[in-house]
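Trainee: What follows is each chain in one-letter form.
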Amino acid sequence: MDTPSSFQTDSLIAEDIDAYLDQHQHKSLLRFITCGSVDDGKSTLIGRLLYDSKMIFEDQLAALESDSKRHGTQGEEIDFALLVDGLAAEREQGITIDVAYRFFTTEKRKFIVADTPGHEQYTRNMVTGASTADLAVILIDARKGVLQQTRRHSYLVHLLGIRHVVLAVNKMDLVGYDQSTFEHIVADYRTFAKSIGIADFTAIPISGFKGDNITTAPSANTPWYDGPALIEHLETVEVDAAAAQEQPFRMPVQWVNRPNLDFRGFAGQIASGTVRPGDAVRIVPSGKTSTVKTIVAVPSGGFAGKTDGFDAELDEAVAGQSVTLTLADEVDCSRGDLIAAAGDPPQASDQFRATLVWMDEEALKPGRGYWLKLGTQMVTATIQPPEYEIDVNSLEHLAAKTLGLNGIGVAEFATDRAIAFEPYAVNRQLGGFILIDKFTNATIAAGMIEFSLRRADNVHWQPTAITRDDHAGMKNQTPRVLWFTGLSGSGKSTIANEVEKQLFLMNRHTFLLDGDNVRHGLNRDLGFTEADRIENIRRVGEVSKLMADAGLIVLTAFISPFRAERRMVRDMLPDGEFIEIFVDTPLEVAEGRDVKGLYKKAREGKLKNFTGIDSPYEAPENPEIRVNTVDMTPEEAARYIIQQILPLK
Amino acid sequence: MRSLTHLERLEAESIHIFREVVAEAENPVMLYSVGKDSSVMLHLARKAFYPAPPPFPMLHVASGWDFGDLLAHRDRTVREYGLKLIIAENEDAEAQGINPFDTGSALYSQAQLTDPLKRALTAHGFDAAFGGGRRDEEKARAKERIFSFRNAAHRWDPKNQRPELWNLYNAKKAKGESIRVFPISNWTELDIWQYIALENIDIVPLYFSKPRPTVERDGMILVVDDERFRLEEGEEPVTRSVRFRTLGCYPLTGATESDATEMNHIIQEMLLATGSERQGRAIDKGQSASMEDKKQEGYF
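The listed protein sequences correspond, in order, to chains A and B. Quick note on numbering: our numbering labels position 632 of the first sequence as 632, and the sequence is numbered without any gaps. Quick note on numbering: our numbering labels position 40 of the second sequence as 1040, and the sequence is numbered without any gaps.
Certain hints may be false.
As the list claims (entries may be wrong) - From the derived model, a few chain B residues whose C-beta atoms are all more than 10 Å from chain A:
1. E1008
2. K1047
3. P1053
4. A1062
5. T1103
6. G1125
7. N1151
8. R1155
9. A1197
10. F1208
11. I1221
12. L1231
13. T1239
14. T1246
15. T1256
Said to hold, decoys possible - Derived coverage of chain B by chain A (criterion: at least 3 residues anywhere in the stretch with Cβ under 8 Å from a Cβ of chain A; other residues may be distant):
16. 1014-1024
17. 1261-1269
Claimed, not checked - Some chain B residues judged to face chain A by a derived CB distance under 8 Å, without partners named:
18. T1005
19. H1006
20. F1049
21. N1090
22. D1136
23. N1186
24. L1272
No lab work stands behind these hints, which were simulated from the structure alone. Ideal Cβ positions, reconstructed from N, Cα and C, are used throughout, including at glycine.
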């Protein structure tokens, strides 16, 4: 192998450590991702990079040599792939199944490599690895050329907004370093790349196993190649972080630092632009303006000597830095707000269109409320059925009602309050978000905002002179939403009616919303699919909230089988106003009553999606009130409920 | 336009992580082992919240066999920076007959490190714990997330990790669950040393070479740090100029012979070294996936 010219040289370390350290201190950082399948030699390439950059120590090498003989696929030679396949389970299968991060350094740069697998079911991992990468190395086996998976990887790389693409045509040693094979593959790829919007890429013929064109080019085996070696290219490509500085200033507020009454700082990592003391800024979404007073950040070596007598104020800070800003005015600003250039703030909206990558076993449920985290903002979002799903192999747009694990689609989003963002194509940090399931707390999807559907500031909240407290005060009561949930035939409507009668006699102002009645009017356009059931509950929740705002005690009687939707309604109301009442009747008892004959129909298959039969009922885990209709009459249950909710003012 | 160096980017990322946890967790704590990685973490935490002090306590898992210099450094640091320190230890070790000389390394680390750590986390109700793990240390670490979830029994499930995209971390968890957070995941050993030099961070003197009483055993040079060190027959402490690349329990941590008394020479030795930093740790030996097994049990 050629002597690596650009890797760290032992001689400089040995002879002039100060010069070496000075050089290392001024290095930049490039994060990249390698995409390819097990067979493309991806792990071997990464192992080679680590090996050539001396990131492997003798003890690790000794373990590698013995592992190579036991599990290796390269006979007696060192199998570099074993260096990077981490988890024990994977080592036996000889494949990589998750995202792993590797580090190596050359004289010019430090590199962080995201190693992600190439199998279709692991789209999730590749998207994760790509989200932080500035560059992608797409590996192709020279013997096989551009494959379906090459197209899939390239599409995902483009989707995640990676602007620098390297096409590494690997295993050139196995095709006799043939120039026309290489050129044929490059031409093929160029046609495809153009079709998905990848404007430019750098193609390099390599052998990860033999080391050709990795550190120096051209290798003696490819005299016809006149481009850079892989490492040379990685060392010189422009880092995207620098480009973010040219955009207008934006900093999501992470944490308000208030150590004493004299200091109130807003801590965050600058997402774009630069900031200086005296700059005019606007808080988004509130729109309040102020000026930057100071930029607080402990300078390098600032804590040395452990005295606090150092200057911790910067003249300027740029995108990528973590700082604390103080403002000239006492403005409302907290975690989730964004501090932006006053003259050029980002948009804020509660409706937008985004591309979504689904990452969970449980499919997307349109209409269900999910946590959405973007920057430091955490809101509840609901998603419309996808406009289409993208087949990552053919790149066709397919009709879809939902998205399953590894599904990618485009859908419209609504959030419970306006959030500040940029389109993902403009800024990855301000346009990328994750979705979190409210029950399992799992990260279930990643999204990239395309554009806002309307400016939320066109729909103002109309401030009303008479407040909800006035309404409630006039009625001499505290608003409540008594939410009855339970199986069909459990006795919800009967008990709710009885509760309302008793409250009426107590001169309370009430209103009962009944499931069957609402479906005759407000919700007559909805059926019984899961999506329609969710929308049914959402509308009833909004109506209940309006009635509670009017000061009423609202009673609702809906099966409302899903915890997530009951939780959604709970979240709409002030703390303590939502009272979940679980009408706990065993299925056999409810089915035995079968007042409306529905269970019979469901059992005969004439009625689909019937709760308890072929659609699940998720019982409340911690209801405020639980009533047992086997032991109590409806009147007893009603009295018990009223005892629990008194006093009502 | 100013382009950030790799150390500036690493620092900014770590500070961001510290702040996210403090904003979203209810009761965070920092695992403070007093070693070089912990020292860098503490420095980053102080920067992240300046001018306020780090808004969480330090938790030191003391095995009872820590280097004397390390404990002195710990106490001095805590005092000078006004930090709150919690010490976790296995108070029954002596009664249980557990010590680094007779007890096998698996049981020793479980009884003296992992179990006291888990007990302390549970007893104080910490829902997030910062640890100094780095992805370059070991294969099992390379795949761990920055926010790593543990069930109520503090176990790690490598098959069921949350995807981490961009700089967005999901800190939501159910009651009883906790998160281990690794703010210096993306730092390498060289980055750590370089940063210590650049920022002039005070570290335990054991990292610098000095004549120390030593014995050679099983190919490792061990320092006779106090009178409890059990000498084997025929063993006589010899004074050698030695220092440490990594710090654990003193009877289990191998020293290296060195003349490096200054930071730059330490870095020089590290760069020219032919062994990885965990080579000096008896605890990592055994089958090569052993770190992964220990992590599943709740080890950091």
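Trainee: Against this structure, judge whether each hint is valid.
Mentor: Quick rundown of the hints versus the structure:
With a least CB separation of 7 Å from chain A, E1008/B falls inside the 10 Å interface cut-off, contrary to its annotation. The claim that K1047/B is not at the interface with chain A is violated, since a C-beta of that chain comes within 10 Å of its own (minimum 5 Å). Distance check for P1053/B against chain A: the nearest CB is about 8 Å away, which does not clear 10 Å, and the non-interface claim fails. For A1062/B, the non-interface assignment is confirmed: its Cβ lies about 24 Å from the closest Cβ of chain A, beyond the 10 Å cut-off.
Every beta carbon of chain A lies more than 10 Å from that of T1103/B, the smallest distance being close to 24 Å; the non-interface claim holds. Distance to chain A confirms G1125/B as a non-interface residue, since its nearest Cβ pair spans about 18 Å, more than 10 Å. Distance check on N1151/B: its Cβ is at least 12 Å (rounded) from any Cβ of chain A, clearing the 10 Å threshold; non-interface status holds. Once the 10 Å rule is applied to beta carbons, R1155/B is consistent with being away from chain A; the minimum gap is 15 Å.
Chain A draws A1197/B into its interface by the beta-carbon criterion, the shortest separation being 7 Å against a cut-off of 10 Å. At roughly 15 Å, the least C-beta separation between F1208/B and chain A is larger than 10 Å, which holds for a residue marked as non-interface. Against chain A, the non-interface label of I1221/B holds: every CB pair exceeds 10 Å, the least being about 16 Å. Residue placement check: L1231/B keeps its beta carbon more than 10 Å from all beta carbons of chain A (closest about 28 Å).
The Cβ of T1239/B lies farther than 10 Å from every Cβ of chain A, with a closest approach of about 27 Å, so its non-interface assignment holds. At roughly 13 Å from the closest C-beta of chain A, the C-beta of T1246/B stays outside 10 Å, upholding its exclusion from the interface. Consistency note on T1256/B: stated as away from chain A, and its beta-carbon is indeed over 10 Å from all of that chain's, at 13 Å minimum. Counting residues of the stretch 1014-1024 of chain B whose CB falls under 8 Å from any CB of chain A gives 6; the rule of at least 3 is met.
Only residues whose beta carbon comes within less than 8 Å of a beta carbon in chain A count, and the stretch 1261-1269 of chain B has 4; three or more means the coverage holds. Because the smallest distance between the Cβ of T1005/B and any Cβ of chain A comes to about 6 Å, under 8 Å, the interface hint for this residue holds. The closest approach between the C-beta of H1006/B and any C-beta of chain A is roughly 4 Å, which is under the 8 Å cut-off, so the hint is satisfied. The beta carbon of F1049/B is positioned within 8 Å of a beta carbon in chain A (closest approach about 6 Å), and the interface hint is therefore held.
At about 28 Å, the closest approach between the beta carbon of N1090/B and any beta carbon in chain A exceeds 8 Å, and the interface hint on this residue is violated. Given the 8 Å rule on beta carbons, the hint for D1136/B holds: about 5 Å separates it from the nearest Cβ of chain A. Given hint, N1186/B at the interface with chain A, holds; its Cβ is 6 Å from that chain's nearest Cβ, closer than 8 Å. For L1272/B, the suggested interface contact is upheld, since its CB lies about 6 Å from the closest CB of chain A, less than 8 Å.
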